[in-house]
Every structure is written in structure tokens, then in C-alpha cells.
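Just so you know, the sequences run in chain order W and H. Read in order, the letters of the first sequence correspond to residues 1 to 226 in my numbering. Read in order, the letters of the second sequence correspond to residues 1 to 192 in my numbering.
Accuracy of the hints is not assured; some may be wrong.
[Unchecked claim] With beta-carbon atoms standing in for the labels, derived distance ranges: (1) W:117 - H:140: 20 to 28 Å; (2) W:197 - H:142: 48 to 56 Å; (3) H:168 - W:196: 38 to 46 Å; (4) W:125 - H:142: 49 to 57 Å; (5) H:172 - W:194: 33 to 41 Å; (6) H:98 - W:92: 40 to 48 Å; (7) H:140 - W:188: 36 to 44 Å; (8) W:56 - H:191: 36 to 44 Å; (9) H:186 - W:36: 16 to 24 Å; (10) W:197 - H:51: 49 to 57 Å; (11) H:182 - W:124: 44 to 52 Å; (12) H:168 - W:8: 12 to 20 Å; (13) H:129 - W:36: 21 to 29 Å.
[As the list claims (entries may be wrong)] Here are the simulated lysine to aspartate or glutamate pairs, EDC-like style, with alpha carbons at most 20 Å apart: (14) H:174 - H:144; (15) H:174 - W:186; (16) H:71 - W:78; (17) H:71 - W:77.
[Said to hold, decoys possible] To give a feel for the contact side, a few chain W residues facing chain H, derived at Cβ under 7 Å: (18) 17; (19) 19; (20) 22; (21) 47; (22) 53; (23) 57; (24) 73; (25) 77; (26) 78.
Derived from the structure by calculation, the hints contain no laboratory data. All residues carry an ideal CB built from backbone N, CA and C; glycine is no exception.
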Amino acid sequence: MTPAHHVPFDLLVERAAGALPPAMTMMVDAHLALCAECRAEHALCEAVGGELLDGLEPVPMADDGLDRLFARILQDDEGNEAADAPEPAALPWVDDPVGMRLPPVLRPVWARSREKARWRTLVPGVRCLDLDLPVGPEGSAMLLHIDGGRGIPRHTHRGREFTLVLSGAFNDERGRFAAGDLSITDDSVRHKPVAEPGEMCLVFAVLDAPVRLTGALGIVQRLMGG
Amino acid sequence: MTNSVETAPAIDREQLADWVEAVAARGDRPAFAELFAYLAPRLKAYLIRLGAGPTAAEEVVQDVMLTIWRKAASFDRRQASVTTWTFTIARNRRIDLIRREQRPDLDPEEPALQPSPAPAADRLVDEGRRDERLRDAIRELPPEQAELLQLAFYEGKSHAEIAVLRDIPLGTVKSRMRLAFNRLRRVMEPYQ
Ligand SMILES: [Zn+2]
Numbered sequence: 001m002t003p004a005h006h007v008p009f010d011l012l013v014e015r016a017a018g019a020l021p022p023a024m025t026m027m028v029d030a031h032l033a034l035c036a037e038c039r040a041e042h043a044l045c046e047a048v049g050g051e052l053l054d055g056l057e058p059v060p061m062a063d064d065g066l067d068r069l070f071a072r073i074l075q076d077d078e079g080n081e082a083a084d085a086p087e088p089a090a091l092p093w094v095d096d097p098v099g100m101r102l103p104p105v106l107r108p109v110w111a112r113s114r115e116k117a118r119w120r121t122l123v124p125g126v127r128c129l130d131l132d133l134p135v136g137p138e139g140s141a142m143l144l145h146i147d148g149g150r151g152i153p154r155h156t157h158r159g160r161e162f163t164l165v166l167s168g169a170f171n172d173e174r175g176r177f178a179a180g181d182l183s184i185t186d187d188s189v190r191h192k193p194v195a196e197p198g199e200m201c202l203v204f205a206v207l208d209a210p211v212r213l214t215g216a217l218g219i220v221q222r223l224m225g226g
Numbered sequence: 001m002t003n004s005v006e007t008a009p010a011i012d013r014e015q016l017a018d019w020v021e022a023v024a025a026r027g028d029r030p031a032f033a034e035l036f037a038y039l040a041p042r043l044k045a046y047l048i049r050l051g052a053g054p055t056a057a058e059e060v061v062q063d064v065m066l067t068i069w070r071k072a073a074s075f076d077r078r079q080a081s082v083t084t085w086t087f088t089i090a091r092n093r094r095i096d097l098i099r100r101e102q103r104p105d106l107d108p109e110e111p112a113l114q115p116s117p118a119p120a121a122d123r124l125v126d127e128g129r130r131d132e133r134l135r136d137a138i139r140e141l142p143p144e145q146a147e148l149l150q151l152a153f154y155e156g157k158s159h160a161e162i163a164v165l166r167d168i169p170l171g172t173v174k175s176r177m178r179l180a181f182n183r184l185r186r187v188m189e190p191y192q
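Take these sequences, add in the hints, and give me the full structure.
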């Protein structure tokens, strides 16, 4: 199934060039895993990167560069034979209702994050897990689990909010967002997303700056650390 | 070992891919030495453009070339050229290093550091001509569009940073970038 809401082209270019912060890199990659259309566009961006690399004026390497590398390869080969560790017995995402719905790109960060933090209730019906990812000083990255019929109270953002739907769907004033869809809102958008009943609504959210609740539930903002 | 590769006017793309496949198939050291002679000095130039000192750049090039040696079997010439594949490895290595600075206990298996998903294998054919045409099309871009590509890819600048740097509106940066890629996409269409 093809997503309806895609990664904007400027983000694809920035991802391909390596200019995005880690959390955003991961978000674009998670969309690419679900979207052949953006994958093709991104491949073009990477091909441009490759051609530009090819066109650079070469800077000579140290004379012993290749010898040093062969020495390292030899050392590595010996080390690897000794350190062939057995696979961990069980992968933590196999039996977990959240883990099994994550694209592979998000699984390690999820597994690591849930050891450091707990799922906490944001508002009734909405729980979140802070992700252990480097974000800017004002930013945050989290997984949100929204029960059917529930949603985030109306809010705006000081910065931009990027939300990638991983499973299920939500609706807001702008339309429907289902698995693979990327929603981007900035401080001009005041919205109230509500999850559809049925399949678990799980989203990956990255915020440039804390959410600002605009309704009577402003107290909730404290819960979010804003 | 000769350095004839570097002085040749333009390298045969098929040749680069053949070398990677030889490394994958039988750990072919002479083939790898040829790859090193061609790719390492370009990678070093790329990293220096991104702000690395010569010594640091040399170390990262070593890492990238080691990855090429180890992951040669994952290279697929139908999906991407050797230089594109190499570019993605170097870019990911750079992201990896930036993240290590921010989070020293980084998981080395973090998938964000892995190559991004590849396009379907049946999409890209006639790879030699495809790369040549793309290279020519980049060369023929108007200077203001070519400059944007350089700032984005050689200097790792975001669109917003480019706008500040060049004192032009963000919208203009975005639309120029789009124009550039529209041209390149047209050139590449027959191969997709
Ligand atoms: Zn898409």
C-alpha cells in the first residue's frame, strides 16, 4: 500500500546528503521503508551525491594508506573468528505488540529506550515512550500509542512536529493519516488528531520544540515537560 | 601497483563494478588496491570539504574502505554505481561519528547508520550509460543550481542553512533545488 502523505522533497535531499539530525534521519528512513515512490526519489538524490563525489579533485592519501588498511583487514579477520558471538536467544520485538509493528529501522532504539524509560500517560487514552535519540535542546522524539476514538488535545507547536504513522490511522482537520503517512505541522497549524478504532494507532513523533496546548487542558502541558 | 587509474581521463564505470565484484567473490587484493587508488583520494577530498582535517579525513577514509572490503558482497551494480554506493557508506560513517559525539554509548548496530533502503533491482538498467548521463546533466546545470547541490552534498548544509549562508529566502532554495532535480530526473527517466 502506498502512503498518501509523503516526505517533502527537501527532506529527501537533506537525508541523502547526510544533513539531517539523527531522529529525522530515522523518520525519513522509516517512511522510505514503506514507500517505493520516495525510495526512487531518494535513490536519485543519492546518485547525485555519488556523481558529485566522483567529480571531486582527488586529494592524495598517505603513502602507507593501503598497507595500513591491509594490515587492519588481517587483524580484523583474526579478531572476528574469535569473537563470533551467538545470536541473542530472543529478539525483543517478536512478541511485543508495539515492537512487532515497528519498521526494522526503529526497533533497536525502541528496545534501548524502553529499558531507560517507561510508557507514560500523556492524556487519557494516549501513552508515550520517550526515545533515546539525540535531538536538539528543545526537541523530543517519542512513540505515541493512541487508543481508538482518543486523541491529542488541540494544540499548536512552537517549532515543527513530524509524525509518521506506523500502524493504524488518525484523522484531523487536514484529513486521514494511515500507516506510512507523514504529517508535518508548524506553528500555523492548530490541530486535534483522533485515532481510528481497530488496528492499534502507533506513531513516531519528532518535535523541534515542545507542544503548546491551546484548549482548556493546558495543565497537560506540564505533563509533557513544556 | 600502478596509479594509472587516477590519471586516466575518465574511469570505466563497469571496471569499478568489476573490481568490487572481484573483492566480493574472492577477496581479490589487486582489485581492491585499484579501488583504493581511485576512491580513497576522492573520499578524502569529500571529507575535507565537510570540514575534517587531513589526518581525521584519512582515518575516516580507512573506515570507509574497510567497509567496502567487508560489504563488497552487498553491492549490486543494477541498483547503484560504485561511486554512489561509496558515497552512501561515507555519508553514513559521517552521521555515525556525529552521533557518537552526541551519545558516546551509541549502539553500533543502529540501523540509521546502515545504508538506506535500495530501490527495486528491476528499476535501474544499463547502469554505465545511466551514470554518464547523470554526470553530464549535473555538469550542465545552471551555476546557481549547481552551487546548491554542492552546498548540500559537499558541505552537508540543510536548506535552511543554505538560505542564511547565501542570504536568499528558504522558498528560493527549495524551488531552485527542485528545478535542478527536475532536470536530472528527466535525464534519468529512460533508465527508471
Ligand atoms: Zn513517500
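These are the hints, each one checked on the structure:
Taking 20 to 28 Å as the suggested C-beta distance range, the pair residue 117 (chain W) and residue 140 (chain H) does not conform, at roughly 52 Å. Between residue 197 (chain W) and residue 142 (chain H) the beta carbon distance is about 52 Å. The supplied range of 48 to 56 Å therefore holds. Take residue 168 (chain H) and residue 196 (chain W): their Cβ atoms lie about 42 Å apart, and the range 38 to 46 Å holds. Against the hinted window of 49 to 57 Å, the Cβ-Cβ separation of residue 125 (chain W) and residue 142 (chain H) comes to about 53 Å, which satisfies the hint.
Checked against the hint of 33 to 41 Å, the pair residue 172 (chain H) and residue 194 (chain W) passes, with Cβ atoms roughly 37 Å apart. The beta-carbon spacing between residue 98 (chain H) and residue 92 (chain W), approximately 27 Å, falls outside the hinted interval of 40 to 48 Å. The hinted window of 36 to 44 Å between residue 140 (chain H) and residue 188 (chain W) holds, with their beta carbons roughly 38 Å apart. Between residue 56 (chain W) and residue 191 (chain H) the C-beta distance comes to about 24 Å, which lies outside the given range of 36 to 44 Å.
Here the CB-CB span from residue 186 (chain H) to residue 36 (chain W) is close to 20 Å, well matched to the stated 16 to 24 Å. Range check, residue 197 (chain W) to residue 51 (chain H): Cβ separation about 51 Å, and the 49 to 57 Å hint holds. The given range of 44 to 52 Å is respected by residue 182 (chain H) and residue 124 (chain W), whose C-beta atoms sit roughly 48 Å from each other. At roughly 19 Å, the beta carbons of residue 168 (chain H) and residue 8 (chain W) sit within the given window of 12 to 20 Å.
For the pair residue 129 (chain H) and residue 36 (chain W), the supplied restraint of 21 to 29 Å holds, since their beta-carbon distance comes to about 24 Å. Straight-line distance between C-alpha atoms of residue 174 (chain H) and residue 144 (chain H) comes to about 12 Å, which keeps the hinted pair within the 20 Å bound. Proximity of residue 174 (chain H) to residue 186 (chain W) is assessed by CA-CA distance (about 17 Å); at most 20 Å being required, the pair is judged to hold. Our distance criterion of 20 Å between C-alpha atoms is met by residue 71 (chain H) and residue 78 (chain W), whose separation comes to about 17 Å.
Note on residue 71 (chain H) and residue 77 (chain W): the hinted pairing holds, with a Cα-Cα distance of about 14 Å set against a maximum of 20 Å. The interface hint given for residue 17 (chain W) holds, since its Cβ lies 5 Å from the closest Cβ of chain H, which is under the 7 Å cut-off. Annotation: residue 19 (chain W) was flagged as interfacial toward chain H, and the flag holds, the nearest CB pair being 5 Å apart, inside 7 Å. For the restraint placing residue 22 (chain W) at the interface with chain H, the shortest Cβ-Cβ distance is roughly 5 Å, inside the 7 Å limit, so the hint holds.
The closest approach between the C-beta of residue 47 (chain W) and any C-beta of chain H is roughly 5 Å, which is under the 7 Å cut-off, so the hint is satisfied. Residue-level restraint check for residue 53 (chain W) holds (minimum Cβ-Cβ distance to chain H is 5 Å; threshold 7 Å). Taking 7 Å as the C-beta contact cut-off toward chain H, the hint placing residue 57 (chain W) at the interface holds, the least distance being around 6 Å. The interface hint given for residue 73 (chain W) is met, as the beta carbon of that residue sits about 6 Å from the closest beta carbon of chain H, less than 7 Å.
Taking 7 Å as the C-beta contact cut-off toward chain H, the hint placing residue 77 (chain W) at the interface is violated, the least distance being around 9 Å. Because the beta carbon of residue 78 (chain W) sits about 14 Å from the nearest beta carbon in chain H, more than 7 Å, this interface hint is broken.
Hint compliance for this structure: hints 1, 6, 8, 25, 26 are not met, and every other hint is.
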